[in-house]
Amino acid sequence: MALLDVTGLEVEFETPEGTVRAVSNLDFHLEEGETLAIVGESGAGKSQMMMAIMGLLAENGRARGSALYRGADLLGMTARELNAIRGNQIAMIFQDPMTSLNPYMTIEQQMTEVIMHHRKLKRDEARAQAVEMLRAVRIPDAEERIRQYPHEYSGGMRQRVMIAMGLLCEPELLIADEPSTALDVTVQAQITQLVRELREQAGMSIILITHDLAVVADIADRVMVMYAGEVVECGSAEDIFYNPQHPYTRGLLDSVPRLDRASDQDLHAIPGNPPNLLDLPVGCNFRDRCDEAREECREPPPVWRDETGRMSRCVLPMEGGKRVDPDGTGPESRATNSASRENRE
Amino acid sequence: MSKPVLRVQDLSVTFTSLAGSVFNRQERQIRAVDGINFELFAGETLGIVGESGCGKSTLARAILGLLPPNRGRVMWMGDNLTELDEEAMRQRRKELQIVFQDPVASLDPRMTAGDIISEPLWTFYPKMARLQVDERTRGMMKMVGLLPNQINRYPHEFSGGQCQRIGIARSLVLNPRLLICDEPVSALDVSIQAQIVNLLQDLQKKLGLALIFVAHDLSVVRHISDRVMVMYMGQAMEVSEKERLYRKPLHPYTNALMKSVPVPDPKLAAAARRENWLTGDMPSPYRRPKGCVFHDRCPFKVKRCEADVPPLRRMENGDRVACHRAEDLDLSVVEA
Numbered sequence: 066m067a068l069l070d071v072t073g074l075e076v077e078f079e080t081p082e083g084t085v086r087a088v089s090n091l092d093f094h095l096e097e098g099e100t101l102a103i104v105g106e107s108g109a110g111k112s113q114m115m116m117a118i119m120g121l122l123a124e125n126g127r128a129r130g131s132a133l134y135r136g137a138d139l140l141g142m143t144a145r146e147l148n149a150i151r152g153n154q155i156a157m158i159f160q161d162p163m164t165s166l167n168p169y170m171t172i173e174q175q176m177t178e179v180i181m182h183h184r185k186l187k188r189d190e191a192r193a194q195a196v197e198m199l200r201a202v203r204i205p206d207a208e209e210r211i212r213q214y215p216h217e218y219s220g221g222m223r224q225r226v227m228i229a230m231g232l233l234c235e236p237e238l239l240i241a242d243e244p245s246t247a248l249d250v251t252v253q254a255q256i257t258q259l260v261r262e263l264r265e266q267a268g269m270s271i272i273l274i275t276h277d278l279a280v281v282a283d284i285a286d287r288v289m290v291m292y293a294g295e296v297v298e299c300g301s302a303e304d305i306f307y308n309p310q311h312p313y314t315r316g317l318l319d320s321v322p323r324l325d326r327a328s329d330q331d332l333h334a335i336p337g338n339p340p341n342l343l344d345l346p347v348g349c350n351f352r353d354r355c356d357e358a359r360e361e362c363r364e365p366p367p368v369w370r371d372e373t374g375r376m377s378r379c380v381l382p383m384e385g386g387k388r389v390d391p392d393g394t395g396p397e398s399r400a401t402n403s404a405s406r407e408n409r410e
Numbered sequence: 196m197s198k199p200v201l202r203v204q205d206l207s208v209t210f211t212s213l214a215g216s217v218f219n220r221q222e223r224q225i226r227a228v229d230g231i232n233f234e235l236f237a238g239e240t241l242g243i244v245g246e247s248g249c250g251k252s253t254l255a256r257a258i259l260g261l262l263p264p265n266r267g268r269v270m271w272m273g274d275n276l277t278e279l280d281e282e283a284m285r286q287r288r289k290e291l292q293i294v295f296q297d298p299v300a301s302l303d304p305r306m307t308a309g310d311i312i313s314e315p316l317w318t319f320y321p322k323m324a325r326l327q328v329d330e331r332t333r334g335m336m337k338m339v340g341l342l343p344n345q346i347n348r349y350p351h352e353f354s355g356g357q358c359q360r361i362g363i364a365r366s367l368v369l370n371p372r373l374l375i376c377d378e379p380v381s382a383l384d385v386s387i388q389a390q391i392v393n394l395l396q397d398l399q400k401k402l403g404l405a406l407i408f409v410a411h412d413l414s415v416v417r418h419i420s421d422r423v424m425v426m427y428m429g430q431a432m433e434v435s436e437k438e439r440l441y442r443k444p445l446h447p448y449t450n451a452l453m454k455s456v457p458v459p460d461p462k463l464a465a466a467a468r469r470e471n472w473l474t475g476d477m478p479s480p481y482r483r484p485k486g487c488v489f490h491d492r493c494p495f496k497v498k499r500c501e502a503d504v505p506p507l508r509r510m511e512n513g514d515r516v517a518c519h520r521a522e523d524l525d526l527s528v529v530e531a
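Line order of the protein sequences matches chains Y and C. Residues 66 to 410 (our numbering) are what the first sequence spells out, left to right. Residues 196 to 531 (our numbering) are what the second sequence spells out, left to right.
Just chain C, with the same shape it has in the complex:
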């Protein structure tokens, strides 16, 4: 295989918040993203899943330089993005784009679809001819399944799914090499979700994009990803090839997450009910458990899990897992 386009190394983001009374201020630290490592190849899709608050969106933003990391490197085609000066980073941004979660809120209601999609062009190529911009905008609209004659319409005249198409067109108009989608379908109805997932998949094939797909929905992620990273409390629990992850997860947390996904089938749902899923809530980020961050909810924990932090280690087949007991657990999924 060729060289990866993106290499994230030991990336960490810490937020500081103030607590205590006015006279007794205390600083509290939250490690939102904690030592994340992964590689991404051209044309590959990495799914990132986890519960809310696990740091998946923060990770996405840190990769794009929208949040300053306090440790680690983001190597993009040979450059360390965290060290680039503003102008160099600006030039790099053309290659790195994002699609946001809320399709309606992420569009300016006072701009037409055409203005929204062409804005990146005006920003990066201010001397581009009007006609050329127009042509490119219409081309993008066609590519994402909108009608070019809708170019002068405003966001409120589009449905949620169509607004997300506008957001995708905007993020692709500069010909990026990496597209990060942060929960791109979670705000959409299920019949429309499928349209957008299929569209992203087609576009990726057509354009050879490297894609990072952040979502809490494991079944959507399964559809679009080549590999999946499972995050919990800012850390990667498991990074595995998709089919292996869904057939035989290596980490008890992955297993628990999959078991909680309901199936639209009454008989299977009744059968699944008998199995134990995850108990309790995710611990407060201020009170991070010692040892393995998952140990207090893990049904398989042993003494060692309470003291030693399991490193994310590579298995023989190239999958990676952060669990002391990965070898002696068999978490295979029984196919219905």
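Just chain Y, same shape as in the assembly:
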């Protein structure tokens, strides 16, 4: 059984301008010990999808579908049930280390709070564990520095504190939302290395949400590419980087400026802008920006799958793939899908 199994996830927000569909018809699963990277540009729905799974959507947000964590549906849980899992079995590292730490609390207070709540430890035991974890993420003089406030830490150190907090309860699943985006490349390299080491030591599963393909190449086993709320391509890191099938994935890879390539030509840019989620184009969402677009793209694109779990949502056939229903679900999974939906209502 997969550690996390998400089927038919939809996330919608009610706004004064109308209903925004941030995520539609999303299926994915995560095996134990696996690192899955979710890639996409702003507005692709990657963060909102994770927020939905963790029960952290804003007031006006609504999630449908199912997200089975070890067989239990996270979407159907009460806040109390979720609180027993969040921070304990599933930990989240948020995007911005500057704003995710409480400026009025010392690092010690913030870290011990987590362990004392979940592990019912006494203050000095919790403190000893927190210091040990800070050492693991290589905060120098952890014993001293744990008494300091966030503003006394540099950006890279704050991000390491966030990681240390995420790992305090030895989670099975770590969800990291753009963990190194706000950092300099030098610090970024250190953080990626750190996450890789911790993964090997603890055998954690990781979901990494990012727009940075280079970080993905450095750490992911599998990659899922999202565009305008949908998965457009999914496959192993090797497949995605060396044999991308979807025109959007190809465009994304080509638009990254690379140090290991000559720089005399223009950068490849994807023309146009990401679509407005309130006013999505009919048919394929990527149609307006795609250099392969054709008449058939006015219809919802078909989905291609192969037995390795590789998937592409495009009118262009996927190498070695079989065509499935255009709405992204095969006949069988659709049945279970609607069943789980009925259960919840």
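If you are wondering where the hints come from, they were derived from the structure by calculation, not from laboratory data. We treat Cβ as the ideally placed atom computed from N, Cα and C, and that holds for glycine. Mixed in with the good hints, there may be bad ones.
[Unchecked claim] Beta-carbon label-pair distances, calculated as ranges: (1) 503/C <-> 356/Y: 53 to 61 Å; (2) 197/Y <-> 509/C: 49 to 57 Å; (3) 503/C <-> 205/Y: 37 to 45 Å; (4) 181/Y <-> 224/C: 36 to 44 Å; (5) 217/Y <-> 501/C: 25 to 33 Å; (6) 167/Y <-> 403/C: 19 to 27 Å; (7) 307/Y <-> 478/C: 35 to 43 Å.
[Claimed, not checked] 25 Å max Cα-Cα, derived SDA-like pairs, lysine to any residue: (8) 437/C <-> 319/Y; (9) 462/C <-> 319/Y; (10) 337/C <-> 347/C; (11) 443/C <-> 209/Y.
[Stated by the list, open to error] Below, a sample of chain C positions facing chain Y; criterion: calculated Cβ distance under 10 Å: (12) 284; (13) 354; (14) 394; (15) 413; (16) 513; (17) 527.
Use these hints to put chain C onto chain Y, whose structure you have.
For chain C alone, kept in the frame of chain Y given last:
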């Protein structure tokens, strides 16, 4: 080659902050920019790279006179900008423009795209005819890849990339000779980044601008620059011709910075992992290391680096480097 349009000489900016308790105030000094020298020619692009806090944005602002330098000169076409009176500087500003990092925050949300782009015209040419202003504004919009019929729209109706196009149009409407871009693409998605970098490159060719491109992203800088200056703790570590810098950096810091840039390729990433990158954090600006500012993180340091400050010296090919050991280190990049 002709004469440089911009010559920055020994430019330094120091910030003073207060520390200690209310009863025991102490002044602390940070040398944000410390003795920077460079020249820039018309039609040339200088990239300035470095980690956050290295002083690259402060340098950009000091060149434009937005921050007072406490030492040094900024020679712009024969005038020392740091000594000009207010009115003379104001006139010079037409020639010196800047594009900011955050495309959305740097536009007034209550002004239309047209108002934003034409504001510099009204400021400098208040007697210009409405029709002429309008025509010029629409022309600018077309030039940066916006539709002239979007002139009455507000910033929130544009995407991030389009907002940056508005910012670029605003900075070019006065026909400047020098454009400073301070992290112009770091807030944008990668597919949009490429659009803006290509646009800036085209505009520079078309208008013959001198361009200073400040960024932390070495791969973007490589794309757009002719020469690159690498900064660390307010000082220039290296100023080299672009291809030479990326093939064979002269300074260990440049080398370390390049090694930390991840490559979007799983096999290469795995290979790069085995190499050592930079360890530790940049030292606190209050505790500037003696000797070479980089010595405590440098894998190649020798005794001398701890005591003597290496000057930025000129190599035979015209590149400049501030490292005692530049001649005996071979930091060539092995091409994949």
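Status of the hints after comparison with the structure:
{"no.": "1", "hint": "503/C <-> 356/Y: 53 to 61 Å", "in the structure": "holds, 56 Å"}
{"no.": "2", "hint": "197/Y <-> 509/C: 49 to 57 Å", "in the structure": "holds, 51 Å"}
{"no.": "3", "hint": "503/C <-> 205/Y: 37 to 45 Å", "in the structure": "violated, 27 Å"}
{"no.": "4", "hint": "181/Y <-> 224/C: 36 to 44 Å", "in the structure": "holds, 43 Å"}
{"no.": "5", "hint": "217/Y <-> 501/C: 25 to 33 Å", "in the structure": "holds, 27 Å"}
{"no.": "6", "hint": "167/Y <-> 403/C: 19 to 27 Å", "in the structure": "violated, 52 Å"}
{"no.": "7", "hint": "307/Y <-> 478/C: 35 to 43 Å", "in the structure": "holds, 41 Å"}
{"no.": "8", "hint": "437/C <-> 319/Y", "in the structure": "holds, 21 Å"}
{"no.": "9", "hint": "462/C <-> 319/Y", "in the structure": "holds, 17 Å"}
{"no.": "10", "hint": "337/C <-> 347/C", "in the structure": "holds, 14 Å"}
{"no.": "11", "hint": "443/C <-> 209/Y", "in the structure": "violated, 42 Å"}
{"no.": "12", "hint": "284", "in the structure": "violated, 34 Å"}
{"no.": "13", "hint": "354", "in the structure": "holds, 4 Å"}
{"no.": "14", "hint": "394", "in the structure": "holds, 9 Å"}
{"no.": "15", "hint": "413", "in the structure": "holds, 6 Å"}
{"no.": "16", "hint": "513", "in the structure": "violated, 20 Å"}
{"no.": "17", "hint": "527", "in the structure": "violated, 14 Å"}
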